[in-house]
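Enquirer: Given these sequences and hints, build the entire structure.
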Amino acid sequence: MVLLETKNLTKYFGGLAAVNEVNMEVNNGEILGLVGPNGAGKTTLFNLITGFFRPTRGKIIFGGEDIAGLKPNHIAERGIVRTFQASTLFKTRTVWENVLIGCHLQFRSGFLRVLVNTPFARKEEVEIRQKAQEIIESMGLSAVKNQYAAMLPHGYQRMLGVCLALAANPKLLLLDEPATGLTPEETLAFMVQLKALRDKGITILLVEHNMRAVMGNCDRIVVLNFGKKIADGSPDEIRKNKDVIEAYLGVEANVA
Amino acid sequence: MPVAQIFLNALLLTMLYSLVSSGLTLVLGIARIVNFAHGSLYMLGAYVTYYVFQQVGLPFPVALVLAILGVGLFGVFLNRVLFRPLAGQFFAAIIVCLGLVFLVEGGAAIIFTEKERGMSAFVTGTVSIFGATLSTERIIVIITGALVMVGLFYFINRTKQGAAMRAVAQDAEAAALQGINFNYTSALAMGIGCGLAGLAGGLLAPVFGVVGPYMGQSIMFKAILVITLGGFGSVPGAFIAALLIGFLESFGFWYIGAWVSAVLFAIVIVILLIRPRGILGMEYTMRH
Amino acid sequence: MVKKVVFGLFFLVLLALGAILRNEPYWLHVIIVCIFSSMLAMSWLLILKIGHLSLAHAAFMGIGGVSSALLVKEAGLSFWLALPLSGLIAATIAVVLGFPILRVKGIYFLIVTFAFNELVGIIIRNWKFLGGYVGLIDVPRPNHLGGIDFSSKAHYYYLILFLAVVTVIVLYRVYSSRIGRIFTSIGEDEDLAQSVGINVLKYKLLAFAIGCFFAGLTGSFVVHYLNFSGAEMYSTLQSLNIQIYAIVGGMGFAIGGPIVGAFFLTLLVEFLDIPIKAQTLVYASILILVIFYLRGGLITLPQKVLEGMTRLSKFRTKGTSHGTA
Numbered sequence: 001m002v003l004l005e006t007k008n009l010t011k012y013f014g015g016l017a018a019v020n021e022v023n024m025e026v027n028n029g030e031i032l033g034l035v036g037p038n039g040a041g042k043t044t045l046f047n048l049i050t051g052f053f054r055p056t057r058g059k060i061i062f063g064g065e066d067i068a069g070l071k072p073n074h075i076a077e078r079g080i081v082r083t084f085q086a087s088t089l090f091k092t093r094t095v096w097e098n099v100l101i102g103c104h105l106q107f108r109s110g111f112l113r114v115l116v117n118t119p120f121a122r123k124e125e126v127e128i129r130q131k132a133q134e135i136i137e138s139m140g141l142s143a144v145k146n147q148y149a150a151m152l153p154h155g156y157q158r159m160l161g162v163c164l165a166l167a168a169n170p171k172l173l174l175l176d177e178p179a180t181g182l183t184p185e186e187t188l189a190f191m192v193q194l195k196a197l198r199d200k201g202i203t204i205l206l207v208e209h210n211m212r213a214v215m216g217n218c219d220r221i222v223v224l225n226f227g228k229k230i231a232d233g234s235p236d237e238i239r240k241n242k243d244v245i246e247a248y249l250g251v252e253a254n255v256a
Numbered sequence: 001m002p003v004a005q006i007f008l009n010a011l012l013l014t015m016l017y018s019l020v021s022s023g024l025t026l027v028l029g030i031a032r033i034v035n036f037a038h039g040s041l042y043m044l045g046a047y048v049t050y051y052v053f054q055q056v057g058l059p060f061p062v063a064l065v066l067a068i069l070g071v072g073l074f075g076v077f078l079n080r081v082l083f084r085p086l087a088g089q090f091f092a093a094i095i096v097c098l099g100l101v102f103l104v105e106g107g108a109a110i111i112f113t114e115k116e117r118g119m120s121a122f123v124t125g126t127v128s129i130f131g132a133t134l135s136t137e138r139i140i141v142i143i144t145g146a147l148v149m150v151g152l153f154y155f156i157n158r159t160k161q162g163a164a165m166r167a168v169a170q171d172a173e174a175a176a177l178q179g180i181n182f183n184y185t186s187a188l189a190m191g192i193g194c195g196l197a198g199l200a201g202g203l204l205a206p207v208f209g210v211v212g213p214y215m216g217q218s219i220m221f222k223a224i225l226v227i228t229l230g231g232f233g234s235v236p237g238a239f240i241a242a243l244l245i246g247f248l249e250s251f252g253f254w255y256i257g258a259w260v261s262a263v264l265f266a267i268v269i270v271i272l273l274i275r276p277r278g279i280l281g282m283e284y285t286m287r288h
Numbered sequence: 001m002v003k004k005v006v007f008g009l010f011f012l013v014l015l016a017l018g019a020i021l022r023n024e025p026y027w028l029h030v031i032i033v034c035i036f037s038s039m040l041a042m043s044w045l046l047i048l049k050i051g052h053l054s055l056a057h058a059a060f061m062g063i064g065g066v067s068s069a070l071l072v073k074e075a076g077l078s079f080w081l082a083l084p085l086s087g088l089i090a091a092t093i094a095v096v097l098g099f100p101i102l103r104v105k106g107i108y109f110l111i112v113t114f115a116f117n118e119l120v121g122i123i124i125r126n127w128k129f130l131g132g133y134v135g136l137i138d139v140p141r142p143n144h145l146g147g148i149d150f151s152s153k154a155h156y157y158y159l160i161l162f163l164a165v166v167t168v169i170v171l172y173r174v175y176s177s178r179i180g181r182i183f184t185s186i187g188e189d190e191d192l193a194q195s196v197g198i199n200v201l202k203y204k205l206l207a208f209a210i211g212c213f214f215a216g217l218t219g220s221f222v223v224h225y226l227n228f229s230g231a232e233m234y235s236t237l238q239s240l241n242i243q244i245y246a247i248v249g250g251m252g253f254a255i256g257g258p259i260v261g262a263f264f265l266t267l268l269v270e271f272l273d274i275p276i277k278a279q280t281l282v283y284a285s286i287l288i289l290v291i292f293y294l295r296g297g298l299i300t301l302p303q304k305v306l307e308g309m310t311r312l313s314k315f316r317t318k319g320t321s322h323g324t325a
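Chains as they are written, first to last, in my numbering: chain A, 1 to 256; chain B, 1 to 288; chain C, 1 to 325.
Because the hints were derived from the structure by calculation, they are not lab data. Note that the Cβ used here is the ideal one computed from N, Cα and C, for glycine as well. Watch out, some of these pointers could steer you wrong.
Pairs of lysine-lysine, DSS-like flavour, derived with a Cα cap of 27 Å [as the list claims (entries may be wrong)]:
id, chain 1, residue 1, chain 2, residue 2
1, A, K145, C, K4
2, C, K202, A, K123
3, A, K71, C, K202
4, C, K49, C, K277
5, A, K59, A, K171
Chain A is nowhere near these chain C residues, computed Cβ spacing over 12 Å in every case [as the list claims (entries may be wrong)]:
id, residue
6, F10
7, L81
8, L88
9, V96
10, G135
11, F162
12, I186
13, Y203
14, Q238
15, V269
16, Y293
17, L294
18, F315
Expert: Dropping the structure here:
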């Protein structure tokens, strides 16, 4: 079943098409890898899907509606949450506070009720704190719950970034190069976590440079080059695809 | 409606705003700071000119040169001591600039007292052009301002130092790699930028006839409007914006009086919302 | 917990001072100024928390002040009604203005608020109804409340103290709640906040509205206290003053910092008998010193001194235990 679909998605910056007539699908319950050489348009595609850029042309269908051009927080409300390549955390806050902020969408009480501290608001706060605790435990961050995000080792920071996104209750999780800077062991552990999330019903769209991680862990792969989709299929199919090999000249050795 | 007078006034304001705003935009390009104290530098230029010309009695051009040099050097000093250490820290730099306003104005109020000084014209008489009687002084100021602007354009676009300034404003690191001496270029840009403010102060003081420690405030407001409209970092942009605002203000004042400032404010908001880059963009371009 | 105790004690001290100084109108005035300056600085800091440096805070105080003066003088309203109304008027204008301008980034926002502050001054000076160049004189005192008729400074003192406590309680409640978390997350990383579903513009408007509400409220108090409303009270330089209180006091402590800054600077110029002309100079010098040497503000001074002393003592013990090289 198709969860997200882009139709003729295009984004021009000045005269240059960063994303050019991209038609792709993300199926429910899969881990989809988005790969391509530097500058291929992967992050732009992310920005388009999550509302940080408006498309020049094209549609993005999610849950039966065209979400192209909606603001990021509205897209998050509909169930698509992303992480960022660089700053994926609130660095001056603790792990606990980060996840709690991420739980924002789960709160129902409005400003006035919170200010006056009605029983409803208080009950909600307690309930959602419980949920935040559960998320932290499920991702293995209990030990560092009260540490400042900026102080965490890199691997933990990446985990926290995903935690933060998870707190927003996504149906579709977009991860922008989450394994950057992780050691091979950490990357392995991370991929295991991702699979566990997929098994819980969260669909994952992953941008990653680490071809090994992508090949070994994604159900399907979409390859971009110069803003266009050049291939789409299972890891095996992609490995043998001539266009992909050409685009990635020299990467073949790593992929094997 | 005395069209000729209003037109002349518009040109006068254009020159004033051009000079001050070009300086402000130069400083912005080099120090990456909107120097809110720029208006105070204008005020200092006016005071230097007042004392040298009116009190000491030296010829007016000498007073102007001293104003330019004095304020320019003061600007270099400020850059070295305050702006450079705070490079890259937007918030701290802005706060310091705002504090500088207090510092310079407060200092002036103490040293020169708050009493406003009357300044006499450096040349009297009128000239008759196309049947309209126009003040000679104003015409000279306008022509001087225009000449300075032309000189500025020439310097920035045709000389090596000007090219160096443009390079540094665009990308300081790359410029350094090309062998451009950042410290020297930086000091030069600051000196010229602040000197322009001092020149404007000196030129306009006899025209407006009054010198006081707080005279820089309204100028600051206009200068900010101008560089916002014209585009941060662009000297041609500043000139065009100064022209627009000078004429708008001069003619607008005739019809709606002080409310013209409300119109200007509305323009600023609209610009910032639909095209924050301004007319000539935010890249520090000094090309047309 | 410690914070609440400290605030509580401070409040009691101020309460006591009101009684002790009840026959010293001059000193009562000084502390009244300290208190409402703190309110202005605190409410300004809230807007900074969402990442926006506003140079228009004095203008909003002016909007509140002028509104209050006119509501009472012209419309015959009771001060007690005009007071909250002035805050609401200021907040409303803040929302209307904020809707377009809170979308723009740092320096542009600064410029717009700067221009707005200037504009408000121009409007007030050129519209006789709002005061003109002369200002609004004979702004009535607050109406009777029980036995209090506001004929003496002490009455105003307790009123402003009460208003300040309300302000502190509201701000404290905001900061310690979910709303406060949202504000700080927006201030730190807007994009990240958006990506987890936070409607950034909505919450920015909220913070801006709350901040400007208290500015307007303070303005209302001030004009009825001074019985006067004049454009010079709402100038851009006044906006700067407000910023200086907050920054010198310490921006890291949303309520304590502004209080420390406002009290310290106001009392300093009083005790040293610094003439008004030199005050701006003194404020600016201290501001620049703080930016360069004590970025966290005066409120961090005790901590810094303590750290310095511990380092010093460690250095000494190291010396004695190792003896000669």
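Enquirer: Run every hint past the structure and note whether it holds.
Expert: Tested hints:
| no. | hint | verdict |
| --- | --- | --- |
| 1 | K145(A) - K4(C) | holds (26 Å) |
| 2 | K202(C) - K123(A) | holds (24 Å) |
| 3 | K71(A) - K202(C) | holds (12 Å) |
| 4 | K49(C) - K277(C) | violated (32 Å) |
| 5 | K59(A) - K171(A) | holds (19 Å) |
| 6 | F10 | holds (24 Å) |
| 7 | L81 | holds (22 Å) |
| 8 | L88 | holds (15 Å) |
| 9 | V96 | holds (18 Å) |
| 10 | G135 | holds (36 Å) |
| 11 | F162 | holds (19 Å) |
| 12 | I186 | violated (10 Å) |
| 13 | Y203 | violated (9 Å) |
| 14 | Q238 | holds (29 Å) |
| 15 | V269 | holds (34 Å) |
| 16 | Y293 | holds (22 Å) |
| 17 | L294 | holds (19 Å) |
| 18 | F315 | holds (27 Å) |
The structure fails to meet hints 4, 12 and 13 from the earlier list, while all remaining hints are met.
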